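Student: Residue-level listing of the chains:
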Amino acid sequence: MLRLQARKVILVLLVLIFGCGLAVPNLFSPETRKAIEDNAPSWIPRLLLPIHAVVLGLDLQGGSHVLLEIDRADLVRSQVTQLRDDVRRILREERVSLQGGIQTTQRGVQMRIADAAERERVLPKLRELAQPVGTLGAFGPSGNQSIAITEQPDGLVQLAVTEAGSNERIRRAVEQAMEVLRRRVDALGTTEPNIQRQGLDRILVQVPGLQDSQRLKEILGDTAKLEFRLLGDANSTDVDMLPSQDSGGQPVPVLRQPVVDGADLVDAQPSFDSRTGQPIVNFRFNIRGAQRFGQITTENLGRPLAIVLDNKVISSPVIQSPITGGSGQISGNFTVQQVNNLAILLRAGALPAKMTIVEERTVGPGLGADSIHAGKLATLIAGVFVVLYMLASYGVFGLIASVALFVHVCLIFGLMSLIGATMTLPGIAGIVLTIGTAVDSNVLIYERMREEEHQGRSLISAIEAGFQRAFATIIDSNVTMLIAAVALFALGSGPVRGFAVVFILGILTTVITAVTLTRMLIAVWYRWAKPKHLPF
Amino acid sequence: MRLRLLRIVPDNTRFKFVWFRRFSYPLSAAYSILVLALFLTVGLNFGIDFKGGTLIEMQAKAGRIEIAQVRQTANALGFGEAEVQEFGDGTELSMRFPLQAGGEAAQQSVVSKAREAFASTYEFRRIETVGPRVSGELVQAGALGVVLAITGVLIYLWFRFEMPLAIGAILGTLHDIVLTMGFFLISRLEFNLTSIAAILTIVGYSLNETVVVFDRTRELLRRYKTMPIPELLDLSVNSTLSRTAMTATTTFLSLLALVIFGGSAIEGFALVMLFGVVVCTYSAMFISTPVLLYMDVRGQGQREEAREKALAGAKAKAG
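Residue numbers (the working numbering), protein chains in the order written: chain A, 1 to 536; chain B, 1 to 319.
If you're looking for bench data, these hints aren't it; they were derived computationally from the structure.
Some clues are possibly wrong.
No farther apart than 25 Å at their CA atoms in a straight line, the calculated lysine to any residue pairs in the SDA-like style are these [as the list claims (entries may be wrong)]:
#, chain 1, residue 1, chain 2, residue 2
1, A, K225, B, S109
2, B, K16, A, A114
3, B, K51, A, G494
4, B, K51, A, L200
5, B, K51, A, Q206
6, B, K113, A, L188
7, A, K376, B, E219
8, B, K225, A, K225
In this text the structure is predicted, and so the values were computed from the model without any measurement.
Chain A on its own, in the form it takes in the complex:
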């Protein structure tokens, strides 16, 4: 066993050197890595360049983690409203008049069509409103319909949005919302924001290195639905009573049908009013919006036009002259900050539904830097403690264990860089912890050698028996640790998952370094020192 096979030695050394080499880019600053990437000749694949370092988690580099949830009830409400409009249109087209009109229910609408012939005529049209939803799998469409239609013998017809229908709507809305949020976050000019879907109805936004999480939340949370609506008569049925900023929150009647909405905007920029010096937002419409806006302002000269943002009337200026140029401005007692945000929101577009922040975790850059510093110090000191203790206990073998320990830590960093894993603060704790536990495999082997020697074996056979007999124990004890670590990985999120990754990699590499590297080093020592006894 203690013979050194040249081929095997070279192979092991190559693997270990390569593994540790992967950790080297972590020693460079991000600027250096960028410079290497930019200056390297293009024929070298990027994968081979020493630019892949461990990614720092938000808790170490500072930044914000914001989890948003789409408002299901809001979406269902808008689906029901749309359904009501569709049903109304069909009834009008088929010239069916109802007694009692269309009633809105929790998840849909209902109406009584007393005449059987009319019912026969309308029902097929209503059925066309329902669409198949769900993915097209190997077995064809999943068979779910977006709308369920039921018919009672007394002529009561009910249409309801199905669970599958609203889920499909949520899925589409989340996709749209991700696009909108991406445009909004990009407008903040931060580097590498991460926006991803979580579950069916949530979006996770992670923005590293942000100083001001308040600004981020202001930009993420608002729906930013902009509408231009004419003021109507408070007693009419086709108006909404919306709170107005002009009249101190008093509701004012505005027509339900908007003249133009934010979807027709092509640009919005913060600016100052040339006369009053107040912060305002200048906007420009696309051709369709400009035409429509021009037409309405021509027809309604002298009437007030309400600018509605998220169902609040921001201002309602009187139309002084037709606005045909396709551009205009929004004013309304804004601060500079509010105007800047509003311009971003209008440029990025409105969210398809209301979204609520359900979780926020923000770490300031100062705290992150402190954590890194403290983590480095703790790792270093833990390493020194363990190395000194191993040297004091095992002499030369302690030195060998320390070399294995060093390689072990390098391998963890190397593998993490390779797979692009994220290092978090609990991850650093994991590194420190594995420094303590990594030598366990060495200790198991050494103690076993000692026992075997005490039982009267020769040195060489005691060393062999030590490796051989301790191996099963090493595997058993590490597999149990591994199971706990995998459970942690499976359930954990963010920082905790970072810990689990370090722990899992640590367990894997410790088995490798303790068994292969230690064995080789002991063989070298044996040849060189020609000992009669174990050195401890």
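Dock chain B against the given chain A, drawing on the hints supplied.
Tutor: Then chain B, alone, in the frame of chain A:
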């Protein structure tokens, strides 16, 4: 010349671990009852991960923090009683606001109000807000993780060891979890997601310790078919004792470095782990191993074989 090297455990230690159970068992039983009582009366100090609410950590921009003043201002914000705590070297403090009624959106106003009140004199180092829905899900995920880990380990042990050994190991692990919960209850350390990570790590470490002893037990069972079980169990622990001491010390030392130098953000985790290492080492020797006394470790077949051998030996002597 040979260097005199450090050895904590003298060679040929013959401590009667199994006999010591008359002290260790009542002690652990009493402690477990205390833990249960505390759990039911005082309860864990749940952090915002599981309880929901808002946590803000601030650092004074200049000079020292004015904790009394901060507490007064925070309570006057109208979000209920804020828990204000000083930490670090007297320049940092944390404020914890309870979950606000009114669903997810209501939590956001806490941060903006606190920002208005403190932004001029304090730097915000950490802001965490967890709404009611997310905290509920995190509780589920945490509980699921612990159950998942124990089940997974049980299955592995069941395959790899005989049933009595697997039961002994799991009992030891449960003992360690109970004691660790006791540490949370008595120290009033915040119980959060990282705490779950600490508990799962302790589960792993506890089994690690037990498995090393039981591996030896299994080996000795095969080698000494007639040795009385108490003696055999003592031998298993004693012969692995120096390894146990070594590993416990290295792990303890590195965690100690983490407690002292790792910074306030990781201190809680490190303290729990430090406690865990002591408990796991203790329980592997004094709790899990003596449990095997009450079980049929040898199994029917091996015992009969042993009796026959003993009989044959006696006959040979007589003859």
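Student: State for each hint whether it applies.
Tutor: Here is what the structure says about each hint:
About 22 Å separates the Cα atoms of A/K225 and B/S109, which keeps this hinted pair within 25 Å; it holds. Of the supplied pair hints, the one linking B/K16 and A/A114 is violated, its CA atoms being roughly 92 Å apart against a limit of 25 Å. Simply put, B/K51 and A/G494 have alpha-carbon atoms about 19 Å apart, close enough for the 25 Å limit, and the pair holds. Distance restraint check for B/K51 and A/L200: the Cα-Cα separation of roughly 24 Å lies within the 25 Å cut-off, and the hinted pair is therefore satisfied.
For a cut-off of 25 Å, the pair hint linking B/K51 to A/Q206 stands: about 23 Å separates their Cα positions. For a cut-off of 25 Å, the pair hint linking B/K113 to A/L188 stands: about 23 Å separates their Cα positions. A threshold of 25 Å between alpha carbons decides the hint, and for A/K376 with B/E219 the separation of about 42 Å lies outside it, so the pair is violated. Of the pairs offered as hints, the one joining B/K225 and A/K225 is violated, with about 81 Å between alpha carbons and a cut-off of 25 Å exceeded.
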